[in-house]
Every structure is written in C-alpha cells, then in structure tokens.
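Protein chains: 2
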Amino acid sequence: MPIALETFFLDPAFEGTLQQQIQQMVAGGILSGRFRPGEKLPSSRKLATHLGVSRITVTLAYNELMADDYLSSAGRSGYFVSENAPEPPQLSPRSSSDTVDWTRAIGNRFSGNLQIEKPLDWRKYKYPFIYGQVDPSLFDRQNWRLCAVRALGQRDFDSLTADQVDRDDPQLLEFIARNTLPRRGILAKPEEILITVGAQNALWLAAQVLLTQRRTAAHENPCYPGLRSILHQSRCHRIEIPVDGDGLPPNLVPPETDVVFTTPSHQCPTASTMPISRRKELLRRASEDDFLIVEDDYEFEMSFLKPPSPALKSLDDDGRVIYVGSFSKSLFPGLRLGYLVGPEPFIREARALRSAVLRHPPGHMQRTAAYFLSLGHYDALVRRLRNAFHDRRRIMDSAFAEYGLTVAGAGAFGGSSYWMRAPDGVDTKELGDRLRHRSVLIEPGAAFCESTSREYKHYRLAYSSIGAAQITPGVALIAAEIEQMLR
Amino acid sequence: MPIALETFFLDPAFEGTLQQQIQQMVAGGILSGRFRPGEKLPSSRKLATHLGVSRITVTLAYNELMADDYLSSAGRSGYFVSENAPEPPQLSPRSSSDTVDWTRAIGNRFSGNLQIEKPLDWRKYKYPFIYGQVDPSLFDRQNWRLCAVRALGQRDFDSLTADQVDRDDPQLLEFIARNTLPRRGILAKPEEILITVGAQNALWLAAQVLLTQRRTAAHENPCYPGLRSILHQSRCHRIEIPVDGDGLPPNLVPPETDVVFTTPSHQCPTASTMPISRRKELLRRASEDDFLIVEDDYEFEMSFLKPPSPALKSLDDDGRVIYVGSFSKSLFPGLRLGYLVGPEPFIREARALRSAVLRHPPGHMQRTAAYFLSLGHYDALVRRLRNAFHDRRRIMDSAFAEYGLTVAGAGAFGGSSYWMRAPDGVDTKELGDRLRHRSVLIEPGAAFCESTSREYKHYRLAYSSIGAAQITPGVALIAAEIEQMLR
Numbered sequence: 001m002p003i004a005l006e007t008f009f010l011d012p013a014f015e016g017t018l019q020q021q022i023q024q025m026v027a028g029g030i031l032s033g034r035f036r037p038g039e040k041l042p043s044s045r046k047l048a049t050h051l052g053v054s055r056i057t058v059t060l061a062y063n064e065l066m067a068d069d070y071l072s073s074a075g076r077s078g079y080f081v082s083e084n085a086p087e088p089p090q091l092s093p094r095s096s097s098d099t100v101d102w103t104r105a106i107g108n109r110f111s112g113n114l115q116i117e118k119p120l121d122w123r124k125y126k127y128p129f130i131y132g133q134v135d136p137s138l139f140d141r142q143n144w145r146l147c148a149v150r151a152l153g154q155r156d157f158d159s160l161t162a163d164q165v166d167r168d169d170p171q172l173l174e175f176i177a178r179n180t181l182p183r184r185g186i187l188a189k190p191e192e193i194l195i196t197v198g199a200q201n202a203l204w205l206a207a208q209v210l211l212t213q214r215r216t217a218a219h220e221n222p223c224y225p226g227l228r229s230i231l232h233q234s235r236c237h238r239i240e241i242p243v244d245g246d247g248l249p250p251n252l253v254p255p256e257t258d259v260v261f262t263t264p265s266h267q268c269p270t271a272s273t274m275p276i277s278r279r280k281e282l283l284r285r286a287s288e289d290d291f292l293i294v295e296d297d298y299e300f301e302m303s304f305l306k307p308p309s310p311a312l313k314s315l316d317d318d319g320r321v322i323y324v325g326s327f328s329k330s331l332f333p334g335l336r337l338g339y340l341v342g343p344e345p346f347i348r349e350a351r352a353l354r355s356a357v358l359r360h361p362p363g364h365m366q367r368t369a370a371y372f373l374s375l376g377h378y379d380a381l382v383r384r385l386r387n388a389f390h391d392r393r394r395i396m397d398s399a400f401a402e403y404g405l406t407v408a409g410a411g412a413f414g415g416s417s418y419w420m421r422a423p424d425g426v427d428t429k430e431l432g433d434r435l436r437h438r439s440v441l442i443e444p445g446a447a448f449c450e451s452t453s454r455e456y457k458h459y460r461l462a463y464s465s466i467g468a469a470q471i472t473p474g475v476a477l478i479a480a481e482i483e484q485m486l487r
Numbered sequence: 001m002p003i004a005l006e007t008f009f010l011d012p013a014f015e016g017t018l019q020q021q022i023q024q025m026v027a028g029g030i031l032s033g034r035f036r037p038g039e040k041l042p043s044s045r046k047l048a049t050h051l052g053v054s055r056i057t058v059t060l061a062y063n064e065l066m067a068d069d070y071l072s073s074a075g076r077s078g079y080f081v082s083e084n085a086p087e088p089p090q091l092s093p094r095s096s097s098d099t100v101d102w103t104r105a106i107g108n109r110f111s112g113n114l115q116i117e118k119p120l121d122w123r124k125y126k127y128p129f130i131y132g133q134v135d136p137s138l139f140d141r142q143n144w145r146l147c148a149v150r151a152l153g154q155r156d157f158d159s160l161t162a163d164q165v166d167r168d169d170p171q172l173l174e175f176i177a178r179n180t181l182p183r184r185g186i187l188a189k190p191e192e193i194l195i196t197v198g199a200q201n202a203l204w205l206a207a208q209v210l211l212t213q214r215r216t217a218a219h220e221n222p223c224y225p226g227l228r229s230i231l232h233q234s235r236c237h238r239i240e241i242p243v244d245g246d247g248l249p250p251n252l253v254p255p256e257t258d259v260v261f262t263t264p265s266h267q268c269p270t271a272s273t274m275p276i277s278r279r280k281e282l283l284r285r286a287s288e289d290d291f292l293i294v295e296d297d298y299e300f301e302m303s304f305l306k307p308p309s310p311a312l313k314s315l316d317d318d319g320r321v322i323y324v325g326s327f328s329k330s331l332f333p334g335l336r337l338g339y340l341v342g343p344e345p346f347i348r349e350a351r352a353l354r355s356a357v358l359r360h361p362p363g364h365m366q367r368t369a370a371y372f373l374s375l376g377h378y379d380a381l382v383r384r385l386r387n388a389f390h391d392r393r394r395i396m397d398s399a400f401a402e403y404g405l406t407v408a409g410a411g412a413f414g415g416s417s418y419w420m421r422a423p424d425g426v427d428t429k430e431l432g433d434r435l436r437h438r439s440v441l442i443e444p445g446a447a448f449c450e451s452t453s454r455e456y457k458h459y460r461l462a463y464s465s466i467g468a469a470q471i472t473p474g475v476a477l478i479a480a481e482i483e484q485m486l487r
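Chains A and B are the protein sequences, given in the same order. Using UniProt numbering, the letters of the first sequence map in sequence onto residues 1 to 487. Using UniProt numbering, the letters of the second sequence map in sequence onto residues 1 to 487.
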C-alpha cells in the first residue's frame, strides 16, 4: 500500500532547512514503525506540490535517505522504504501518561467488574462447553449473506445510509410486533418497541431510565454477570434474591423494591423455569408493592422439549413489565441486535437516552435482520438449532449418567445449557483451569455470583457450540478431572 | 405469510371449553389486528398437536369461525383469515399506562432536549441545504456492497459472528492506527484506540468517563447540539465559551475547568479553523491549569481548499487530548462507526463502559469498513466528495454574491457548509419554517445555542446533500424569502 500524501505536514516551528524537515519526516515514519519496508513513498513531484516546496528539495531529501538506506529506488517506478531500513524500536506512544494523573482525571471507573472468562480463541479447544457463541456449522450463512446484499440494494440504500436520528427500521419493528411478540403472547405497537445494540444494551437502557442512587433493584442470584455490571454502574441500591428450582421466589422480593430483574423463562444460569402460578404471584406482588419488572426473555426460541410458557409480559395487565428480547442467541452474538418492549412513556425515555448514547443501531444490520426474519430463514434456522440441540442434549444426558456427573438445573423446555454441581471439595474455578489444559472449556459458577458469596460448587455446561461427537469424550474428561481432584 | 404455531397458547385459567378457547384465540388475533385478511392458519392437525388437544376440537372451532366469517376455507389448501373478517379497532395496547405512575416510575429523564430539526424525508425537498446526510449520487455503493459480501465470506465469518466481549476488529484498528491517524499527525497503538457506534457514542463515552457532578466542562457556543445533551446527561457543571472567527479563544477557558470540548479543525457550526498559534496556546493552558481536551476532528477529510492543519492531538506532548474521529461524514451516517483515541488508562475505562452499555459495535460493520478503507475505496470516495463539494462551493459563492446573502463563517480548508447571518429583524427559525413550504431546507441557528441565548440571526447552509443544479435557485428562494420578511 502506498504511503498517503496526507501523512506529511510541514511544521512552521521546525528549526532547520526544508530538506532536513522532509528527511526527518520520512525517517521518523520509518523509525516509529508507521512506514514499513516495501511501502511506496509519494513521488517527489506529488510531495513537493502537497507541501508547497520545490521538487528538487524533495528529490535531495529522498537521495539522502537512499544513501542512509532508509529508502530504495526501483528506477522509474519510484521510491520505497528499504528492506534494510533501520528497525523501529518497540512502539512507544508519543503521549506519555506521566504528566496527567489519570487516577484523578478519570471521574468514573468502569473497569474491573468480574466477567465470565470467555476465551476468544474458544474454537481452538476440542471440547468447548461454552455458552452464547454461534455454531458455524448450524448457521445459515448463505441466506444471511443474500439478505445482507439485498439490504444494500439500490432500493433500500437511501433509508439505510441516512442518519435516522432516533428512529428504527420500520420493517424490523413491524416484524417484531406482528410475528415475534405474538408468539410470546405479547401485543405491542411500534411506539412501544425500541431496537437495541444487543440484549445487554436493552438491559442497560432500562436500568438507566428506571434506577437512581435512591432506588432499589432486586435481581436473581446467581445471575447473568453483565446485569451486575449494569446495576453497579447505575449506583442503585441492589438486593440479591437467591433462586430455587422454580426461579425467583416472589415472596423474597422486599417491599421497598423499585425494579425486579428476572429471567423467568429460562433462569440464567440455573436453567429453571418459573411456573405460571409463581409468575402470577410475582405480578400480584408488583401491583401490591408498586414495583416494575424487567423480564429478560432470552432463548425462548430454544424450547424443543415442550412449548415455552407465555412471557411474563403476556400476563401483565398493568403495564409493569419491561420486556427484553434478543436475536443474538439464535442468529449470532456479533450481530448485536436486541429489543425493548414497554409502555410508551418508558420507551420514549429509553429512546432519548439511546439517541444521546449512540443514536440508533446501524440501519443495514436492522434491515438485514428484517429480511432474514420475514423471508422465513429465521424460523428455519431456529428449527435446525432446536433439532441439533435436542440431539446434543440426549447425548449429554447419557454421558452424565455414564460418568456420574450431577445436574443441578436442566431446563424443562430445552435451552442450550445445564447447571451442574461438582462434588464437595471440588472448587470449580480450579476445575475449569485444569480442564483448559486438556482442551475442555467449562464455565465455573463464580462468575454468576456476588464476589462475597462465590458459588464454588457449581458450573455451567452448554451444548450450543460443541459438536455432538465431542460431547461424550468431553464429559469423560470432566469426570476424570473431578475424580483426580477428589483424591 | 402463514400465522406461526407458537402464537397459540392454552391458558390453564380459561373458564370455558377448549373449543371456545381456540375460537377466542383466533378471533382475538383477528380483532387485535395481529392476524390479517388472507393469512393462512395452521392446519387443524398441527394446531391440535401443538396444543395437545384432539383434532376434532380444532376443526369444530375453525368451523364455528367460518360460520362467523372470521375464517374462510380454500378446500384442501387450508384455512385463511377471511377477507370479510371483522375489522380490528384502532390498536389499543393491552398494557394501559394508567395503573403505573410513569412520572414517578421514571428515575432519569432524557427526552426533551433541543435537537436540530432534521426532517427524515429531506429527500422530498427540492433544495435540501442540510448537513450530515449522504448524497447517494456520490457514494460508492457498488464497492461498499462488495466489501460487505467479502466480510460475510467463510473466512471472516467466524470472527465476525462471535461475541467479541469487549474487543474490536483488529483489521480496522490496524488501518486506523497505520493510515488514518498518521494523516492527522497522530501516532497511536491499538490499545489507545476504541471503535464506537459513531462519533456521538465516542463523545458520550468520553464525557461519562471524565465528568461527574463535581466537575466542570467547558464547550464552544454555538456547538453541536448532540454534545449539549451528552453534557447535560453527565450532570457536570457546564461553561459555554463564545467562539470567534478563529474558533475557541483559549484565554476564555476558566481555570477551574476539568475538560474542554472543542472542534478546532472545523468549528461546528461556524466553520472556523483554529490557527496553530491558538492550538499551542490552548495546550499550554491545559498543561498550566491541568485540564483535558476532547477534540472532535469531524470532517477533516473534506479539506479541498488547502491541506488540513494537523490535529490538536498531534501537538499534544502531555497526553491531554482525547481525539474523536468518525467515518460517518465521508461514508454514511447510518453506518454508525467512529473512534476514540487517548491514553491507555482512559481507553481502558471507556472500553469497560462500552462493554456494559453495548459490548462492541457489530463485527460485520467493522470488517466491511476495514475492507473499504484498506482496498483504497475510501480514499477514492473522499477525492470524489472533495471534487463535488469544491464545485458546489464555487456555485454557492457566486449565488451568495448574486443574491446578496451574508456569510458569517466559511471554513478556510473547505468542509461542506457555511455559517450564514440573516439581516437584522429576520428570525431564522421563522425563515426556516417559511422556506420549508417552498421546498427549501435550511438549519436555523437556534438549535446550536443555549435556549437562554438563542442565536436567531444565524443559520447553516450545507452543500453536502444538495445537487449542484439546485444550489442557485435554492439560494434565490432564500434571498426572496428574507426580502419578504423585511418588508
């Protein structure tokens, strides 16, 4: 790639000749690693015009640089960074952080929250029992690509490239309102739906709109680790409610609660499902004590054992439930598309906040998803995922029986993971570390729990990314490692 | 489109027969507008299996619905919503907001900030002198599409679909570090760069990390309206500094300032450029009074009159400058891709915040941009835009001379807009409203200013979206309207 002309500036404060300054710019670029061996420099004529200097000045500078072996010339085809040019030292940023006290300069600190350790190179592991990554062998790449190309066609181009200020793609909104939400028993107008950059973004917007330092949020324990960072960031008062085999127990929600965050259809990470009676009880409590509920309905599509129960929001006559949906689990997480459903006054504030934070999720992603959904590819994909997950689950079940692993939560409707319990004396953090060396990835339970009450005994095993053939040997390795740790 | 099976649930609490319940579900779907005339219902066999009832129950329910003209049957091809089915009433959401006091329930209010009135249907106007929208006749749709398809190819698919947790696309980072930033005189390591969902998102992240209720931000007046919402939301103490023909005057920055927000290369909206001497003075003040600077370097690519001066960040030896860049102006705003450059401790916090808010901008958009940039299409596009804008600017200049409009700020390097002054007695808000009726769009100055000190006299005229042929008649209409208002 040729080195761009715009890289070069004259500094009016430079002390020395123009030729020296040009030499220094080029040598500086090479020494700092910006210009690399073999890259072509602008012609002397072009650089001279660009800098407003005479061509001979540039030629003289280039010749000096050739003599020093910074540059080489290939006759008429121009000047190149020499293959023998001095090597750049380890890149040291020009801006040293020494003069600014960043400990003081940073007003709000966001780093340092516990996250699930999710190695980005999980594909290199033979037995990846990890959650929430797409299985490339199941995804319908061909049709997704066709939809993406269609969304970039002449007809759609104008609407997708424009700054939509705070609006979403009407086609995607229409599909969600008319097809996705009715399957969960929810009726919503487009003004009650907001498209978000993934479910994480939806939960964040809800927390920001509803919570303040003086308000109280109750959430499940264990829970999705991203939710903890979000609530921590909102600075609200936070209450953890231990879940049981039926999910969140409504009677444990304290009366002073302002907002409850829950995953009724498929508790994260224990995989339990909240029965209808408990859902009604939770709504009754909400009405009685005047609190709101944020329902994260992730993964409802993965119900292959029996049909999913209707969403909590479908039972909500008061408009107390804010619903969070996502396409990341069944499409792919890198897509970053989710949605919020709630009463108009709430959606209005969430939209205004989204507008200040990022305006709107990219138009092209919204339209591609709208096509993929409305052409029926999404339903076909979900069916394929369900079948594959159903098969894998059967293999998981028999492997657990064969190798004697204990399931703590299995999910009555299906899903894509199990919540497991290790025997007493086995720290699952250590188990996870040891298994990594054997090319097995599991998710230790500690990441889902408060640092003060870590869940050392539990771990999650997902079957959404691991191939059917890897399951039994992978489970065998887990069992063998546990046995070794017990010795 | 057939109506999905999953739309149907049995309610254990329903009082009545199963057949009645099925009838009610179907009729309810039609009456609420979810099922529309001509849509196909699931076969009686499939619905019976799904609900776990006998097939005859479903058939009887369907027959009753046919008798009432909710459904029609096309013999063996199944049941459809009848064209004569009762019309749905105006959609009324199930969740009435009456039982929840949303004035109280909403903890933080974000709506109601003044924004530029940017009609989304601007393409319908004959003379759209508006800013920041893409001109479809100049954009290289064909190559963008090829890059998008390539980014969805087998080879890239894995990395783009995966949840990257908080990481960005290494190819895009590499290109920005090695090619884009050096053109602005900036040297940065990948760890000092964060990809954002547009420049708006970059400014928001910077404000959230650096500001608190106890800190003071100084910003230009007039300024980009999105910045005001961002600072308002951070709840910091806010100081407005009036700009002059050379941009922000450093001597007006109060010593208690913690962060200065500025647009030195092309002040928004007055189009002035800060001279090198003033940039150095601003940096000296920053060092002396220990404040930070957020530099919004939007539109530097549009320098066609003379080369752009180096970014403020390129003169920054202390690491006090946080740099905001964007591809939205030269690619298209719906892309939503920008970036932040700053010292590592700052980028670390911005990354952690971004991760909680939205994880990362969609992988596919990042890779598509990386290809478009590295294959040289971006530079070609920028050249094309510069040439077109240069032509349009010449036409603007002669039209202003011909019709006697007064330019208040023109931008020494080029850009894509003028800051205009209307004669005394002309309120530009009213001027804008009147011109709309004549199919002319202008941007009244009030949107860029504090509500307490509205800038009634100024307005912005951009030439990034208006075709060359429309410019002179459009300017003539503006002049005619102004004359009429003066009468």
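Any given hint might turn out to be false.
Identical chains blur together in the list; that is why a pair holds if it fits in one copy or across any two.
[Claimed, not checked] Distance condition first, Cα-Cα at most 30 Å in a straight line; then the derived BS3-like pairs of lysine-lysine:
id	residue 1	residue 2
1	Lys-306	Lys-40
2	Lys-189	Lys-124
3	Lys-189	Lys-40
4	Lys-46	Lys-126
5	Lys-306	Lys-46
6	Lys-189	Lys-46
Hints in this document: simulated from the structure, not taken from any laboratory.
We went through each hint and held it up to the structure:
no., hint, verdict
1, Lys-306 with Lys-40, "between (64 Å within a copy, 24 Å between copies)"
2, Lys-189 with Lys-124, "between (45 Å within a copy, 27 Å between copies)"
3, Lys-189 with Lys-40, "between (57 Å within a copy, 22 Å between copies)"
4, Lys-46 with Lys-126, "neither (54 Å within a copy, 40 Å between copies)"
5, Lys-306 with Lys-46, "between (70 Å within a copy, 14 Å between copies)"
6, Lys-189 with Lys-46, "between (59 Å within a copy, 29 Å between copies)"
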